[in-house]
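2 protein chains.
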Amino acid sequence: MSADASVENGGHEGRRDFLKGALTAGGVVASLATTGLSSVSNADAQPGMVPGTKNHYYVPATDRTVHWGYFSKSLKPLVEVNSGDFVTIEALTHHANDDAERMIKGDPGAESVFSWDKQRKGVDRRGAGPIKPTLFGRGAGEGLGVHICTGPVYVHGAAPGDILEVRIVDVRPRPCANPRYKGKSFGSNAAAWWGFHYKDLLTEPKPREVITIYELDASGERNWAQAVYNFQWTPQTDPFGVVHKIIDYPGVPVDHRTVKENHGILKNVRVPIRPHFGVLGLAPAEADIVDSIPPNYVGGNIDDWRIGRGATMYYPVAVPGALLSAGDSHAAQGDSELAGTAIECSLTGTFQLIVRKKDTLRGTALNGLNYPLLETQDEWVLHGFTYPNYLVDLGPDAQSKIYEKSSVDLAMRDAFRKMRHFLMTTKGLSENEAISLMSVAVDFGITQVVDGNWGVHATIKKSIFAGG
Amino acid sequence: MSADASVENGGHEGRRDFLKGALTAGGVVASLATTGLSSVSNADAQPGMVPGTKNHYYVPATDRTVHWGYFSKSLKPLVEVNSGDFVTIEALTHHANDDAERMIKGDPGAESVFSWDKQRKGVDRRGAGPIKPTLFGRGAGEGLGVHICTGPVYVHGAAPGDILEVRIVDVRPRPCANPRYKGKSFGSNAAAWWGFHYKDLLTEPKPREVITIYELDASGERNWAQAVYNFQWTPQTDPFGVVHKIIDYPGVPVDHRTVKENHGILKNVRVPIRPHFGVLGLAPAEADIVDSIPPNYVGGNIDDWRIGRGATMYYPVAVPGALLSAGDSHAAQGDSELAGTAIECSLTGTFQLIVRKKDTLRGTALNGLNYPLLETQDEWVLHGFTYPNYLVDLGPDAQSKIYEKSSVDLAMRDAFRKMRHFLMTTKGLSENEAISLMSVAVDFGITQVVDGNWGVHATIKKSIFAGG
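Just so you know, the sequences run in chain order A and B.
Heads up: the first sequence at position 273 corresponds to 273 in this note's numbering, and the numbers run straight through without jumps.
Positions in the second sequence are counted from 1; adding 1000 to them yields this note's numbering.
A few of these clues could be false.
[Said to hold, decoys possible] Calculated lysine to aspartate or glutamate pairs in the EDC-like style (CA-CA distance at most 16 Å, straight line):
1. A/Lys206 with B/Glu1431
2. A/Lys182 with A/Glu221
3. A/Lys199 with B/Glu1431
4. B/Lys1199 with A/Glu431
5. B/Lys1245 with B/Asp1255
6. B/Lys1121 with B/Glu1209
7. A/Lys405 with B/Glu1101
8. B/Lys1405 with B/Asp1393
9. B/Lys1267 with A/Glu431
10. B/Lys1199 with A/Glu221
11. A/Lys267 with A/Asp255
12. B/Lys1206 with A/Glu431
13. B/Lys1405 with A/Glu221
14. B/Lys1182 with B/Glu1101
15. A/Lys199 with B/Asp1409
16. B/Lys1199 with B/Glu1215
17. A/Lys267 with B/Glu1431
Hints are computed from structural coordinates only; laboratory data are not their basis.
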């Protein structure tokens, strides 16, 4: 189950060697250099095998490889892989157009995804709403779902009832392609209308949305990010002529002649980086075209900063092939993601995908797993939500209702029930033992209060079970 | 503000030397041996100066030095100390009678506090209810408040509007005084009717209350606790003849002939110890005889396991002399204290108390502080509650109403507001800067969901502000 056991699934020498290299520096750190990859993609790049490696696929982010703002079980897979294979996936932040100079310019992949003129958008549908924006008039998909997701990846042999194990071998910031900012990466933090703070501001003007641009070192040598400047959102007119008074549609280009940049902010403040994927998960079975915002039993937008390098995620498979996608990449986030977003920053991740068949799970930590489970070197982290499977729990209107039902209290209850299940099922404890142990040794934290289906995570140290 | 600056307040050589000794081993660890103290108290012990030291007071736990289940601004102080003085306080767990053989027998202090026969209780009032138990007939004070609190300590010069800084220099488990269990300490975990799990059980009988007895090493060499046995609560008849069907009154002796002890539970499970004071705080001004269970702006039953050795707490002073008490000592607790209690275990703490006068706070992290603030070596931790000052917020019936209003969602909002205040007031950030930083670098966790006034804590790393 742990990362250091990662050659157990039918690995051959080539894959073993890759992983050996990947594990050299500081635990689980893959060097993309050793794979012969450039970490900047090309808009013409096609998903496929990585030259010079075996069973390692590369999925660039382009207008032809992303689905924006939704999950769908009907999407055609970009690649089909076998259990044990590696896949490197580029994720683009949907906030890149908050500062196109720093996050899009010169980057063919990002340019293809964000391209938008009077006639045409590189990616038209953004969100799970109607293609013809008859609901709000914001744009195709209506922004009901916002994350640029790269995928899906089809995993041979993964069937409903199985578990997909996703080992996060490497996570790297996407270097800025604009020569002016060589060696740096950038991210955007939006304190937006869906944030927990929005109706609870002290100072004028109220309410307001504020974008803060952060920079980090693309080499990964520095472990902090710094603010560059911030600006208050002003009504932005998109190339189709729609005015966006608030941040109601993803990827709207911000015209910097219309905003006031405040530089010199957050002086001497260093934000510890925690690169991770806000969205990582599988296509759900219960509905098609599902809003990417609320997390669910198959993962998705969990927004737990622990889902980074060296961690392993386990997801219940809901559809044939599992259909994994990655997006909403973050350079750093606090537990709660208070203001609505993290440091939204394009990242590239390398994953090993392993199918755990339903009939092999008894006696393992995956037995009966019906929620996304995170394993780190030292901990198990279970993810609870306001509604564990809101698509079923809230009926046919679930995708709108979930936003009216958000509750940390309910997410706490779900996390409690899941940890009890985990301790009873996989550790063989009685209910009395499980409940006592939870009270004295399990930590419950607030994952996020901004994704409709709010999250509470429960963490237990593995060393607790190492006694003799 | 940090522990290593602890001689700044008028220290003389004697105190400096004590602290120097205290800081020798592993950061902030006082050796009680160097103070000439025995860590086991005597029922005849009186609060007072510690022989061989200067300005170090010792407050044993006896029937004459504890207030059980309530705070009160009218209590006569046990000792009066000056700013900068040290005080060692014994705290007894109110769950000691769950297993008197292991937690009371042979310990004169505990025996005096828990003594109860047909005629007389060592400590009659237990809780903030009426002395004549006309409400529920449970006993004096009606168990409306449960913690055995040792104190109060009066600090000269502390006035309303000031801050009392409480440096936790040392925390030690109270050794079992029964020769049969030499070298061990014990604690009790009650999965009780006020727990988050109680109405949400899977297995029969439902509902039920379960006590789990844990043991730990009294020397502190081992950093884990282990379960010894558990039993289901059965109706217990107290010495006055009142039957307690559930755990509705603190300190009721459990007759072990009436319960079934299950040994061999939680096999191979080691619970990391986190010795701390569940209750540490000051007398509030808003009411007299205040239930010890809901935490408040002056601290009290915060139940944050970080309030242990090496940490410093800052409390707003509400009454002259501050009136500090300690109790509800815990060997370990998880964030949320899910089932209602921690490993409730008698501990002895050594504290340095420093008055921070109102007019000296500008430009410090204490400016405008109106909530309990925790400082550790690496972090600031702010405590939010469902209602920040429930005694005022909920009006005259606050002490009963608070139990109907419990909410993590509201505690999250309070923690957000407090962290914003902290960042704006003490770090000089604008509201926009503070909100962005909270979203990308502050972690919100669930302190407890069992104390009426539920808690969310917000943690920020100090190193964030160390950049240049």
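Here is how each hint holds up against the structure:
{"no.": "1", "hint": "A/Lys206 with B/Glu1431", "verdict": "holds, 12 Å"}
{"no.": "2", "hint": "A/Lys182 with A/Glu221", "verdict": "holds, 15 Å"}
{"no.": "3", "hint": "A/Lys199 with B/Glu1431", "verdict": "holds, 13 Å"}
{"no.": "4", "hint": "B/Lys1199 with A/Glu431", "verdict": "holds, 13 Å"}
{"no.": "5", "hint": "B/Lys1245 with B/Asp1255", "verdict": "holds, 13 Å"}
{"no.": "6", "hint": "B/Lys1121 with B/Glu1209", "verdict": "violated, 25 Å"}
{"no.": "7", "hint": "A/Lys405 with B/Glu1101", "verdict": "violated, 50 Å"}
{"no.": "8", "hint": "B/Lys1405 with B/Asp1393", "verdict": "holds, 11 Å"}
{"no.": "9", "hint": "B/Lys1267 with A/Glu431", "verdict": "holds, 14 Å"}
{"no.": "10", "hint": "B/Lys1199 with A/Glu221", "verdict": "violated, 51 Å"}
{"no.": "11", "hint": "A/Lys267 with A/Asp255", "verdict": "violated, 26 Å"}
{"no.": "12", "hint": "B/Lys1206 with A/Glu431", "verdict": "holds, 12 Å"}
{"no.": "13", "hint": "B/Lys1405 with A/Glu221", "verdict": "violated, 48 Å"}
{"no.": "14", "hint": "B/Lys1182 with B/Glu1101", "verdict": "holds, 12 Å"}
{"no.": "15", "hint": "A/Lys199 with B/Asp1409", "verdict": "holds, 15 Å"}
{"no.": "16", "hint": "B/Lys1199 with B/Glu1215", "verdict": "violated, 28 Å"}
{"no.": "17", "hint": "A/Lys267 with B/Glu1431", "verdict": "holds, 14 Å"}
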